[in-house]
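J.: Using the hints, position chain G against chain P.
So the protein sequences, as listed, match chains P and G. Residue 1 is where the first sequence starts when you use my numbering, and the numbers rise one by one after that. Residue 421 is where the second sequence starts when you use my numbering, and the numbers rise one by one after that.
Hints listed in this document are in silico derivations from the structure and should not be mistaken for laboratory results. Note that the structure is predicted; figures quoted are calculated from it, not measured.
So the derived label-pair ranges between C-beta atoms look like this: (1) G/P523 <-> P/A370: 39 to 49 Å; (2) G/H564 <-> P/F387: 41 to 51 Å; (3) P/R289 <-> G/A542: 47 to 57 Å; (4) P/A388 <-> G/N425: 54 to 64 Å.
Glycine is no exception: its CB is placed at the ideal position from the N, C-alpha and C atoms.
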Amino acid sequence: MTLRGIHEGVGIALTALRQNKIRAGLTVLGVAIGVLVVMVIAAVIQGVNDSFSEILEAAGPKTFFITRWEPGVNVQTGLEEEEPEFFRRRAFRAEFARALDRLPSVQNAYAYADLSWLQMRAEAGRNRVQIGIRAMPVAYLRSDLGEVTEGRWYTTEEDRSGRPVVVVDSSTARELFAPLPAVGRLIRIGRQAFQVIGVYDPPPNLFAAGGHFVFMPFGTAQKHIQTGSRWFTFDDFIEFYVVAEPSLRLAAAVDDVVGRMRVLRKLRPGEKDDFTILTQDLILDLWNRLTAALFAVMVALSSAGLMVGGVGVIAVMVVAVTERTREIGIRKAMGATRRDILWQFLVEAATMTGVGGVIGLVAGGAIVWALAEWTPVPASVPLWSIFAALLAAGLTGIVFGLVPALRASRLDPVAALRYE
Amino acid sequence: MTPPNDKIILTEALTKDYELGAETVHALRGVDLVVERNEYVAIMGPSGSGKSTLLNLIGCLDTPTGGRYWLNRQEVSRLDDAELARIRNREVGFVFQTFNLLPRATALHNVELPLIYAGVPAKERRERSAVALEAVGLADRMHHRPNELSGGERQRVATARALVNNPSILLADEPTGNLDSTTSAEIMGLFDELHAKGQTILLVTHERDIAAHAHRAIQLRDGRIERDERRALAEAIR
Chain P
1 MTLRGIHEGV
11 GIALTALRQN
21 KIRAGLTVLG
31 VAIGVLVVMV
41 IAAVIQGVND
51 SFSEILEAAG
61 PKTFFITRWE
71 PGVNVQTGLE
81 EEEPEFFRRR
91 AFRAEFARAL
101 DRLPSVQNAY
111 AYADLSWLQM
121 RAEAGRNRVQ
131 IGIRAMPVAY
141 LRSDLGEVTE
151 GRWYTTEEDR
161 SGRPVVVVDS
171 STARELFAPL
181 PAVGRLIRIG
191 RQAFQVIGVY
201 DPPPNLFAAG
211 GHFVFMPFGT
221 AQKHIQTGSR
231 WFTFDDFIEF
241 YVVAEPSLRL
251 AAAVDDVVGR
261 MRVLRKLRPG
271 EKDDFTILTQ
281 DLILDLWNRL
291 TAALFAVMVA
301 LSSAGLMVGG
311 VGVIAVMVVA
321 VTERTREIGI
331 RKAMGATRRD
341 ILWQFLVEAA
351 TMTGVGGVIG
361 LVAGGAIVWA
371 LAEWTPVPAS
381 VPLWSIFAAL
391 LAAGLTGIVF
401 GLVPALRASR
411 LDPVAALRYE
Chain G
421 MTPPNDKIIL
431 TEALTKDYEL
441 GAETVHALRG
451 VDLVVERNEY
461 VAIMGPSGSG
471 KSTLLNLIGC
481 LDTPTGGRYW
491 LNRQEVSRLD
501 DAELARIRNR
511 EVGFVFQTFN
521 LLPRATALHN
531 VELPLIYAGV
541 PAKERRERSA
551 VALEAVGLAD
561 RMHHRPNELS
571 GGERQRVATA
581 RALVNNPSIL
591 LADEPTGNLD
601 STTSAEIMGL
611 FDELHAKGQT
621 ILLVTHERDI
631 AAHAHRAIQL
641 RDGRIERDER
651 RALAEAIR
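So here's chain P without its partners, still in its complex pose:
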């Protein structure tokens, strides 16, 4: 049959939807959820990907990191016989940075400490907020910092002398000091008072998101910050980032750094590295693995939704075929071929799931919009996900509607006409 048949089938399907509200509603809901999940997860992956590549680009391709931790998605159940080897690695010492810095293949090497997941309390007068401390060198790549909108960034001198100065993000400044300006005021972290010398406006980026941040010179943090934890000292958080000499190959710098680190760590030949070099390729690779896992979750969740929808399609269509046996007989008597009838019911099933798909798209779009607007999670709908979602919805209708539609198409016209 041609477009005419499709047009008619769509009309019949919409009527049928109105007449079988619960069954059809369930079907539509299942498909809508399936589609919605595809949309939202695809949008989040897309958005996080964008943020991620922004960060990597800002850091520059010649930058790599040295950490004590093993990279990867480490799942700890708490039931392991033994804690992983890297839990027992000795802390880094800040002086390593100077030794690495002297390598000819290295342009700069810095020590830094990101304590943000410790979440410490900062107070100003009666106001208090939970903050994450990032002890960064003066030359810190500022990509996740955005712009310092008030005051200034700290100086090498302040770093060297460990002066208690901080740069805070705009939301922290607001919550502690609004309506007054923050610059020049004091905040208390633990027993130490720090002077706010700058306020920055964080760009919307997942990795800088999730709360309040306080930046301070690495030297300041070393001097004034106690973790307040029995398990970790400040030194446990020390890591390095290294900018390789731009004129040389990255691999050369990595090799030199590994060699020097082994010396600094006093490792014997044959002993395993007790540190990890995180190059951007490696980070990207890790990230891609995580994305793949997210995709798997997406596929699983949306298949569940589409499966519910599919079962609904079967239920609705079986009933539709039975209820309209006589109609099928009439159509056959008037010259409808098996294919015409098959088409009619397939179009009907696909229309039903298509409605679910559109609802899912709209709801998913709304959720993505809300995420992007009101949460730090970046999200933008990639075009392919819209097509994928609608295709999945339509296919669900056709695949699950096939058996009932085939049954309808094979009805004997004489028997169908006699059906009461």
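T.: Only chain G this time, still in chain P's reference frame:
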């Protein structure tokens, strides 16, 4: 072998068996029938005599167990499902006792149905259906649904639908079975008119006064033709 042009229906030893559980029902036991163009035939017989089965075979709704059948010079006893659908669409117009209109569709849309399956474009479809409805006197009822129409009006819609594709034969299975006598007379008047314009008509009925409209009466019994009478022309014209 191709039958001559004027023999619109030609059957040869047509049989039809049904499996009913373990039993085989011989609904037709060898029917030889010739109907010529513009004949007006009544098929009669007690219930179970096979008259509906014969009509279904003639209308290509069903296929015979044995024997051969030519409709409009084409042997249709050998056609497959899709070809039979095409024959039903182009060559046959059905009128049923229970009207068999699509309940949710308007009269116009019901009449359009055969044209949809014939692949006629929408505009032409609507025009031709409107003309067919005017021809049965329902010009003002086109946009009514079946439940807004009287029994007689419904059967007129069904007749318009049966004729809209200009079929070779009009088949009616007890067309007045669900109608009162006044309305029955109306519908039979319509059939007489159609016949006068050259339409070939076969109708199944068990009522003598309805059969009296036809020019030829075939009596079936136990799946065979028991009697086949042509009325004198003078009597037929009345």
